[in-house]
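Novice: Put chain F on the given structure of chain Y with help from the hints.
Going down the list, the protein sequences come from chains Y and F. Residue numbering for the first sequence follows my numbering, beginning at 84 and increasing consecutively. Residue numbering for the second sequence follows my numbering, beginning at -5 and increasing consecutively.
Bear in mind the hints are in silico, worked out from the structure with no lab data behind them. C-beta: ideal position from N, C-alpha, C; glycine also. Accuracy of the hints is not assured; some may be wrong.
[What the hints assert, rightly or not] Take a look, some chain Y residues computed to stay more than 10 Å from chain F by CB distance:
1. 128
2. 161
3. 172
4. 175
5. 184
6. 223
7. 255
8. 266
9. 316
[Claimed, not checked] Label-pair ranges, simulated between beta-carbon atoms:
10. Y:326 with F:154: 43 to 49 Å
11. Y:268 with F:159: 36 to 42 Å
12. Y:195 with F:170: 24 to 30 Å
13. F:154 with Y:247: 27 to 33 Å
14. F:170 with Y:179: 47 to 53 Å
[To be verified] Here are a few chain Y residues that face chain F, going by a calculated C-beta distance under 10 Å:
15. 135
16. 136
17. 140
18. 152
19. 153
20. 159
21. 162
22. 164
23. 166
24. 212
25. 216
26. 314
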Amino acid sequence: MEPALLVQGLAVPFGSGPGLREVTFDVAAGERFVVLGASGAGKTSLLRALAGLSPVTDGTIAVRGPAIYLHQTPVLFPHLTVYENVAFPLRIRGRPQAEIDSRVRAALASVRMGGFAPRMPRTLSGGQAHRVALARAVVARPALLLLDEPLASLDPTLREDMRRTILGLQADWDGAMVIVTHDLDEMSALADRVAVLLDRRIAQIASPAELLSRPASLAVARFLGHLNEMPVPGDAVAVFPPTAVRPQVDGFRARVSGLRVRVRGTTAVLTLDGAEIEMSVDPLQPPEIGDELTVGLDPRGVLKFQNVDTPSVPMSSTRIVS
Amino acid sequence: MGRRIAVVILALSALMPLVLLGLWSVGDHWFFPTLIPPAFTTDSWRATLTGRLGAAALISGVVALATAVLGCAFAMPIGRAMARLSGWRRHMASALAFLPVAAPPIALGLGLQYAFVTLGVSGTIVGVIAAHVVSATSFLAIYFAGVFTALDPRIEDEARCLGARPLDVWTRITIPIVRRQIGDALALGFLVSWAQVPLTLVIGGGIVRTLPLEVYDYLRAGETRYAATGALLLTVPPMLALLAARRERVAPL
Chain Y
84 MEPALLVQGL AVPFGSGPGL REVTFDVAAG ERFVVLGASG AGKTSLLRAL AGLSPVTDGT
144 IAVRGPAIYL HQTPVLFPHL TVYENVAFPL RIRGRPQAEI DSRVRAALAS VRMGGFAPRM
204 PRTLSGGQAH RVALARAVVA RPALLLLDEP LASLDPTLRE DMRRTILGLQ ADWDGAMVIV
264 THDLDEMSAL ADRVAVLLDR RIAQIASPAE LLSRPASLAV ARFLGHLNEM PVPGDAVAVF
324 PPTAVRPQVD GFRARVSGLR VRVRGTTAVL TLDGAEIEMS VDPLQPPEIG DELTVGLDPR
384 GVLKFQNVDT PSVPMSSTRI VS
Chain F
-5 MGRRIAVVIL ALSALMPLVL LGLWSVGDHW FFPTLIPPAF TTDSWRATLT GRLGAAALIS
55 GVVALATAVL GCAFAMPIGR AMARLSGWRR HMASALAFLP VAAPPIALGL GLQYAFVTLG
115 VSGTIVGVIA AHVVSATSFL AIYFAGVFTA LDPRIEDEAR CLGARPLDVW TRITIPIVRR
175 QIGDALALGF LVSWAQVPLT LVIGGGIVRT LPLEVYDYLR AGETRYAATG ALLLTVPPML
235 ALLAARRERV APL
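Okay, chain Y solo, but in the shape it has when bound (with noise of 0.2 Å):
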């Protein structure tokens, strides 16, 4: 099927850097297609870019209709009721009443606002009035919605909430989203397919489960947190996660010199030749600083890169074009 989304070798500017360069994606109808990047990465210049917002100086980008951008905080028209902000779209079009209505109240039934529709925006909380942004945003059943960090400005309880809304959108609506995070867990809650943005190019493109498991290079694994390096012999880096060290009877001799508290685990500071790796630990039942411990490595959980430029994982895997 023809992609709702095809860019091809996108040069966009930003910043007083060089700017993004070689963007090249689709974005099929019905996906949410992530992209992931640090802050300052160009991720909101991209997303401008694709809605027509901000200037392009390279390739070509192909929509199938027309592009909607959500700003990240929702922005409603402050003199129109819930029902009139939903309706805009729908009104400039010269839509038939009939046809406003029964689409007005199908989108904020989608966004679970259908009892709000007579208030107006000043009386709503910052969560109702993004999922009346949504509504919004889809009613006309744009090809592709941008979506600039819907998540991040939102506290644990919205943003569940928000990501079931975003999830429950494409039940009636078979348009594309791209949404741009610098958050891994709102790229794996959102994420179809994620594209990495590195040093102002795409790094890698798969699934969230493919991505986190298979970096393509060791400056993606780093970007994705995993905090362990070590050198091995060949001019490569052995690169895996707190939860791919075990404790092992016959393993190497380590020493914990502290402890990591953080929302993903609980992990044990072991020096180890001189090196410091992290090992995923009981938060109930941590170490002591000082116990020695011998530990192993779970060789699914470790990669090894050539170097910081040489991907070791082959690119076929993912759906890069170039």
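Specialist: Chain F alone, transformed into the frame defined by chain Y:
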């Protein structure tokens, strides 16, 4: 007690001139030091319906209304463009917009007169309206620059992003959001034109007789009764505007 006295004094100082004007407008053969007019007549008030005062009030009303509407129509896009500028550009635009206000009306009038004579509108009501509009556009543009600076630019961006054409953005988003401020601007444009004398005099060349000009002439001719009647008519629109302003709910943008 002290406060009550202050209020009474304030009320008297505001109302006394109006009361005196009222007396003057109906007093016949009334000269100093008589406190109350010896006789009353309503001939000057009848003149507001049929005579020069009525015609002048009508002309003033037409000129002021046209000035308010055209001034707002020009000043709104200018003010909105100014609000999107920043730094020295904003400063330059503000200074430029303010120039016709800062310049003495006589100077502005003479400059415009030269242009209007060539256009053949000097001494016509069209010319007077055009001159008033130049001045009104100037201060209303500065007013609207302030209004649009307070308006979140992302609201208009959002409308465009949702597919609105520029006209849709104006008619469905921008104008409805600032409709109260537009009302204020219309009132301001009307009132300034309504009381304008120097520009009318220079451009109108004494042919276009607005209400303040008639009041001037009556005063110079010693026709106190007619001058007082005209002056009372002049206070009607400002009073209405004040009453309307009092009733308005103060709402943020």
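Novice: Would you mind marking each hint as holding or not holding in the structure?
Specialist: To see whether the hints hold, each was checked on the structure:
no., hint, result
1, 128, "holds, 16 Å"
2, 161, "violated, 6 Å"
3, 172, "violated, 5 Å"
4, 175, "violated, 5 Å"
5, 184, "holds, 18 Å"
6, 223, "violated, 7 Å"
7, 255, "holds, 19 Å"
8, 266, "holds, 23 Å"
9, 316, "holds, 55 Å"
10, Y:326 with F:154: 43 to 49 Å, "holds, 48 Å"
11, Y:268 with F:159: 36 to 42 Å, "holds, 39 Å"
12, Y:195 with F:170: 24 to 30 Å, "holds, 28 Å"
13, F:154 with Y:247: 27 to 33 Å, "holds, 30 Å"
14, F:170 with Y:179: 47 to 53 Å, "violated, 22 Å"
15, 135, "holds, 9 Å"
16, 136, "holds, 7 Å"
17, 140, "violated, 22 Å"
18, 152, "holds, 5 Å"
19, 153, "holds, 8 Å"
20, 159, "holds, 8 Å"
21, 162, "holds, 5 Å"
22, 164, "violated, 12 Å"
23, 166, "violated, 14 Å"
24, 212, "violated, 12 Å"
25, 216, "holds, 8 Å"
26, 314, "violated, 49 Å"
Checked against the numbered hints above, the structure violates hints 2, 3, 4, 6, 14, 17, 22, 23, 24, 26; every other hint is satisfied.
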